[in-house]
Structure formats: C-alpha cells, structure tokens
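**Student:** One-letter residues, chain by chain:
Number of protein chains: 2
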Amino acid sequence: MNSQNLWQGADRRIYMNEVGTRDGLQMEQAFVPTEDKIALVNALSAAGLSKIEVTAFVSPTAIPALRDGEVVMREIARRPGTVYTALVPNVRGAERAIEALTDELNLVMSVSETHNLCNLRMQRSQSFAALLQVIATAQQAGVPVNVSLSCCFGCPMEGDVPQAEVLAWVQRFADLGVQGVTLCDTTGMAYPSQVHALVAAYKARWPQLGLTLHFHNTRGMALANVLASIDAGADRFDASIGGLGGCPYAPGASGNACTEEIVHALELMGYDTGVDLEQVVAAARALPALIGHDTPSQIAKAGCRLDLHQPPADFAALRERALARA
Amino acid sequence: MNSQNLWQGADRRIYMNEVGTRDGLQMEQAFVPTEDKIALVNALSAAGLSKIEVTAFVSPTAIPALRDGEVVMREIARRPGTVYTALVPNVRGAERAIEALTDELNLVMSVSETHNLCNLRMQRSQSFAALLQVIATAQQAGVPVNVSLSCCFGCPMEGDVPQAEVLAWVQRFADLGVQGVTLCDTTGMAYPSQVHALVAAYKARWPQLGLTLHFHNTRGMALANVLASIDAGADRFDASIGGLGGCPYAPGASGNACTEEIVHALELMGYDTGVDLEQVVAAARALPALIGHDTPSQIAKAGCRLDLHQPPADFAALRERALARA
Chain A
1 MNSQNLWQGA DRRIYMNEVG TRDGLQMEQA FVPTEDKIAL VNALSAAGLS KIEVTAFVSP
61 TAIPALRDGE VVMREIARRP GTVYTALVPN VRGAERAIEA LTDELNLVMS VSETHNLCNL
121 RMQRSQSFAA LLQVIATAQQ AGVPVNVSLS CCFGCPMEGD VPQAEVLAWV QRFADLGVQG
181 VTLCDTTGMA YPSQVHALVA AYKARWPQLG LTLHFHNTRG MALANVLASI DAGADRFDAS
241 IGGLGGCPYA PGASGNACTE EIVHALELMG YDTGVDLEQV VAAARALPAL IGHDTPSQIA
301 KAGCRLDLHQ PPADFAALRE RALARA
Chain B
1 MNSQNLWQGA DRRIYMNEVG TRDGLQMEQA FVPTEDKIAL VNALSAAGLS KIEVTAFVSP
61 TAIPALRDGE VVMREIARRP GTVYTALVPN VRGAERAIEA LTDELNLVMS VSETHNLCNL
121 RMQRSQSFAA LLQVIATAQQ AGVPVNVSLS CCFGCPMEGD VPQAEVLAWV QRFADLGVQG
181 VTLCDTTGMA YPSQVHALVA AYKARWPQLG LTLHFHNTRG MALANVLASI DAGADRFDAS
241 IGGLGGCPYA PGASGNACTE EIVHALELMG YDTGVDLEQV VAAARALPAL IGHDTPSQIA
301 KAGCRLDLHQ PPADFAALRE RALARA
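If you read the sequences in order, they're chains A and B.
Count the first sequence with UniProt numbering and you get residues 1 to 326, in order.
Count the second sequence with UniProt numbering and you get residues 1 to 326, in order.
I should point out that these hints are in silico values taken from the structure, not numbers from a laboratory.
A virtual CB, placed ideally from N, CA and C, is assigned to each residue, including glycine.
One or more hints might be untrue.
Ranges between beta-carbon positions, derived for each pair [said to hold, decoys possible]:
{"#": "1", "chain 1": "B", "residue 1": "P60", "chain 2": "A", "residue 2": "D307", "range": "48 to 58 angstroms"}
{"#": "2", "chain 1": "B", "residue 1": "E70", "chain 2": "A", "residue 2": "E165", "range": "50 to 60 angstroms"}
{"#": "3", "chain 1": "B", "residue 1": "A43", "chain 2": "A", "residue 2": "E70", "range": "53 to 63 angstroms"}
{"#": "4", "chain 1": "B", "residue 1": "A289", "chain 2": "A", "residue 2": "A136", "range": "37 to 47 angstroms"}
{"#": "5", "chain 1": "B", "residue 1": "V91", "chain 2": "A", "residue 2": "D314", "range": "22 to 32 angstroms"}
Chain B is nowhere near these chain A residues, computed Cβ spacing over 10 angstroms in every case [said to hold, decoys possible]:
{"#": "6", "residue": "S45"}
{"#": "7", "residue": "R236"}
{"#": "8", "residue": "G274"}
Residues of chain B placed beyond 12 angstroms of chain A at every Cβ, according to the derived structure [stated by the list, open to error]:
{"#": "9", "residue": "E35"}
{"#": "10", "residue": "I38"}
{"#": "11", "residue": "A39"}
{"#": "12", "residue": "S50"}
{"#": "13", "residue": "P60"}
{"#": "14", "residue": "E104"}
{"#": "15", "residue": "L117"}
{"#": "16", "residue": "Q139"}
{"#": "17", "residue": "P144"}
{"#": "18", "residue": "R205"}
{"#": "19", "residue": "G220"}
{"#": "20", "residue": "L227"}
{"#": "21", "residue": "A286"}
{"#": "22", "residue": "G303"}
Bound conformation, chain A alone (with noise of 0.2 angstroms):
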C-alpha cells in the first residue's frame, strides 16, 4: 500500500474530469439544445472541474445527439486552467475538434476484441492504424493526446481481460508519445483488488505517463476502485454529473461513477478535487430537466450529508410528553 494514509486526504490533489456531457448524452433519447448543453459545460467550469469531454466529433448519423459539436466546442466559455477535450473516432473527427480549438483529443479502441468489433465496428488492429493517423494528425497540429481503453477490467462478452494485455495496448500508445491513457471500467467489472494492482503495475512502469481511471458504477462499486486507485498512487479520474451514462452491450447497467458522489466523498476525506459541490449538486438537479428523466445521483436525491432535515412538526409535543414522563 501507499506510504500515505489512504483515509486522510490531507489536501491531497484529486483532479476531476468530466464526462457526463459526452459519454452521458451521447446515451440519451432527447437531444439536448446547443444553448442547454453550452450552459451545462459553463456550469461545470465554473465548479472547477480539471477537465471536460465536452462533446464528440462524430459522424451527425451515428450519435445524432451530439451532432452539435463544433458549436458546443466554439461557444463554450473557457476557464483558464480547464482543459477542454473531445472524442475522436477519425482524422476526420480530429481536424474538426482541431478547428474548434479543442484543447486535447481523446482516442477511445478496446482492448478486448468483441468489444472493440461490437461498438467500433473494426478489429482492434485496424482502430489502432486508424488512431496512428490520428496521433499523427494531432502531433502536426500541436494538440495533445490522450487515450481511453475500454475494458481494462473486463469484457461483458469476454470476460476477463489479462493485466498483460492491458499494459501491452498502453505500450503500444506510449511508444507514439500520446500524453495520456485512461484506464476504461466500461461496463462496471472492476474490483478493488484487481483496481490497485493494475494501477500499480502501470504507475511502475510509466511514471511519467498520463493516467485517468474511469469506473462505472453498475455493482456498487465505483467509489471503492477510486479509492484503491488513490492508495496505489492515481490522482485523476473520470466522472459523470448526474452518474450519466451506461453501455448498450450491457444490460441493466447503472451509469458512470457519479461526479458529485466522488467529490462528495474525496472532498469529506480530505482530498482536494477543486471542485465546488454546491455547483455541481445544483448542476446535477437541473438535469432531470433535460434529459426528461432521474439520474441515478444519490446525492441529487439525499443532499450532501451535512443537508440536516427538521423534526417532525409535533416534535416540541413529543418531547414534552417524553419529560413529562421522567
């Protein structure tokens, strides 16, 4: 284990990047209006968060729900010290969010084969030549790289995913300079154990690398793999408000781990996420509203724990009856 205490932050820095306004709503039925989603990525600057996915450059026909993209990206206002990323499937999707002026470009292939064939449509040989001329393209332009690996804790049709395997498809990205990799929970298989001892391996092998870990929260268990992450040395995790979010190849799941519960958590322990709760909180309730549905946030529901309720109205009543008794 770490040689620092786990459980006492110490104002420790966790950095936050959000992923609810690009893995959330790529996910969602309504299309959320340009203006709303500009509000919400403004919202979340304005709370502090490290880094936001603010949208994708995609082909309009396949996630039409964020077929507004360059908008989003030029409108949004920047908050010095916030990076601004975007998925990008092509070098098509790349010179788009290029000249959006996007600030970092996020790669995403799998490293499970049936997963990457299922949801990207090409074997994971082909993804990695294509996201070369994708590296290549934001090389040129001076943008930075970073790229997210799905599955690293497991397949839903695979299952297990060997840690070799994993560490091998982060070598191949390191070998061609990419600034950072994240660690892909995809469908929630991530367990504590398994969290720290990848962690560990790829903290030992690639000290100066990028890493972002990205946990779902569909067993239960998000915040606990955040915490393994923490203790084996991870400072930088995805998040999405609301916990938005979820992957069509496994039923039943619950979303991402939840942004304000993260915080929530971290910000109690001590850690230093230099993110305003009551922003995101706030942030989090108005979402209902656009997405026309309840998000899985817990916090949304039961407030932060200091959130006290009142008695009962005939509390006064009930006291007196209880010393009138004494």
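Got chain A; can you put chain B on it based on the hints?
**Tutor:** For chain B alone, coordinates are given in the frame of chain A:
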C-alpha cells in the same frame, strides 16, 4: 493503517449479518405473508449468513409489518452456526423473544437526543434506563445482548455527533456486560475517514467487545465504509438483502448496505464471507414479488461481474465486414 493489505483479502473471514428481514421489512407498506418471511429467512440461512435479524418483538400496532414475530422465530429452520437475533425494545419484548428461543437480543437506542426522541419517543437517559432492565432480563435468561447505537456517524437533524459522545455510550453498555455493540450509520452520513477513526478508537479501547458496523448506502459510500472498517480492524457488518430499508427521518435516503453488493465485492477481493453469492442474489431477485416494488440492489439488476452477455445478433456479420476491410 492495518499491517495487512486491505486490497488482498487472503481468505480473511468477514461476518455478514442479514438485517433485511427486520430493518428492511419493517419499512414496507405491504405485509409479507408469514410463510414467505420464513422461506426468506431459511433461504438466507442456507446461503450462509453468519447472523440473521429475523424479526422484532414490538407492539403489533407500532410495527404491523412484523406482527408475526413469534411464529416466524419459532418456525424457521435453524442452521447450526447461524445466530438468530431479534430487535427488542423493552422487557415485554425480551420475554417474548426469549420464549420464542431467540439466540440474541438486539437493543436499539440513538446517540443523538433528537433522533432518539423522534424514533423512540424517549430521552436517551430514559431509553438507557429501559434497556438496563432489558439487559437484566436477558442476563437472567442467559441470552446474549447486542446494542445497536443509531446515528453514530451523524444525526440527520442534529448533524455531527462527537466521537467522544459515541464512545461514552459504548462504555455505558460495555460496563453492563453486553456481548457486542453495533455502530449504526442510520441515514448514510458516515464517510471513510470518520469510519476508520471511530473503528480504530473502538478496537483500541475494547479489543474483546463484539463490534458490528451498520451502514446505509444513502450517499453511495457503504462499500467504501466497509473497506475503511476492515482496514481499521473490524470484521462484522450488517447488510440488507436487496438493499431494503431506510429511515423515515431522512427523505430521499436509499436503503441499508446491500448484502449481495457487499458480498460480491468482498468475495472478489479474496475475503471469505461464508456466503453463497448465487443464493443471496436469487433471494434478492425474488424480493420484488414479495414487497411489490423494485429494490436498490445493483447486483440484482446487473448480475455479478462475470455474468457475461451474448454479443449482438449481427455479430458474425459485422465481424465478416470488418475482416473484409483488412
């Protein structure tokens, strides 16, 4: 931190106490038929739970949902090694429980004056005086006593409860010779740093007194709190099948720590809970038919991490198309 590695369970024994049949069912609007309650307890016994809080011996008008306590306690099939406990509020309840051959009496009061008044209609000093008589009754009959202290991690009306106040209440009951104390997070206010500190303080002061932790998942921290407890030396946890339960004084609160979620995570981490996960998941999935609504259990919905899914029906075709492009 504990000298043992939290992330590697290494077959360390963790004891799971099922509270769904009492703490869960008492909140339900629907009366679960007596024979279904008995079948549920029997299923939980067969699944290997260490202790089961079968029912409560309270006034049938106070908690009509549990008005069949005697019959249930008498007719369950007792598995050797499982402890069958029941909630008991007063001497009359203790006598009924003892007559029904209850293995252990579980007493409840709150460390928060406001919560105790709301929940038990008594001052804490009045509750303590009443429990003193219950403990004497139990001790005369040679029946072990556990005391569940509500609001040990905060009161939803008063806010934080000082650790010294919690420990003072434990001391009063330790002085009376009870067998164990449960530190209850009645409305999901506990967070891992606080849990680690309180459990460590308890274990340092009362290394021999039984200790159980009772968490709610109101703000998504139940599993993280269990792990913090284990790291501080605890090994016994209350949890509720399906995540049933809640607290009427904390609107929006989701239920108790969910038995199958905690067991699923701990078993993956290499701990030995003695619980057959498949059997508790089956019991959880049978609950909606008994109580007339869905439960918060994420494992009941999503399945265990290696419950794999079939690729989509057109998988062979899309694979062909991908290969043709190579």
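**Student:** State for each hint whether it applies.
**Tutor:** Tested hints:
{"no.": "1", "hint": "P60/B <-> D307/A: 48 to 58 angstroms", "result": "violated, 35 angstroms"}
{"no.": "2", "hint": "E70/B <-> E165/A: 50 to 60 angstroms", "result": "holds, 58 angstroms"}
{"no.": "3", "hint": "A43/B <-> E70/A: 53 to 63 angstroms", "result": "holds, 56 angstroms"}
{"no.": "4", "hint": "A289/B <-> A136/A: 37 to 47 angstroms", "result": "violated, 58 angstroms"}
{"no.": "5", "hint": "V91/B <-> D314/A: 22 to 32 angstroms", "result": "holds, 27 angstroms"}
{"no.": "6", "hint": "S45", "result": "holds, 24 angstroms"}
{"no.": "7", "hint": "R236", "result": "holds, 19 angstroms"}
{"no.": "8", "hint": "G274", "result": "holds, 19 angstroms"}
{"no.": "9", "hint": "E35", "result": "holds, 30 angstroms"}
{"no.": "10", "hint": "I38", "result": "holds, 29 angstroms"}
{"no.": "11", "hint": "A39", "result": "holds, 26 angstroms"}
{"no.": "12", "hint": "S50", "result": "holds, 21 angstroms"}
{"no.": "13", "hint": "P60", "result": "holds, 21 angstroms"}
{"no.": "14", "hint": "E104", "result": "holds, 28 angstroms"}
{"no.": "15", "hint": "L117", "result": "violated, 6 angstroms"}
{"no.": "16", "hint": "Q139", "result": "holds, 25 angstroms"}
{"no.": "17", "hint": "P144", "result": "holds, 29 angstroms"}
{"no.": "18", "hint": "R205", "result": "holds, 19 angstroms"}
{"no.": "19", "hint": "G220", "result": "violated, 4 angstroms"}
{"no.": "20", "hint": "L227", "result": "violated, 6 angstroms"}
{"no.": "21", "hint": "A286", "result": "holds, 17 angstroms"}
{"no.": "22", "hint": "G303", "result": "violated, 7 angstroms"}
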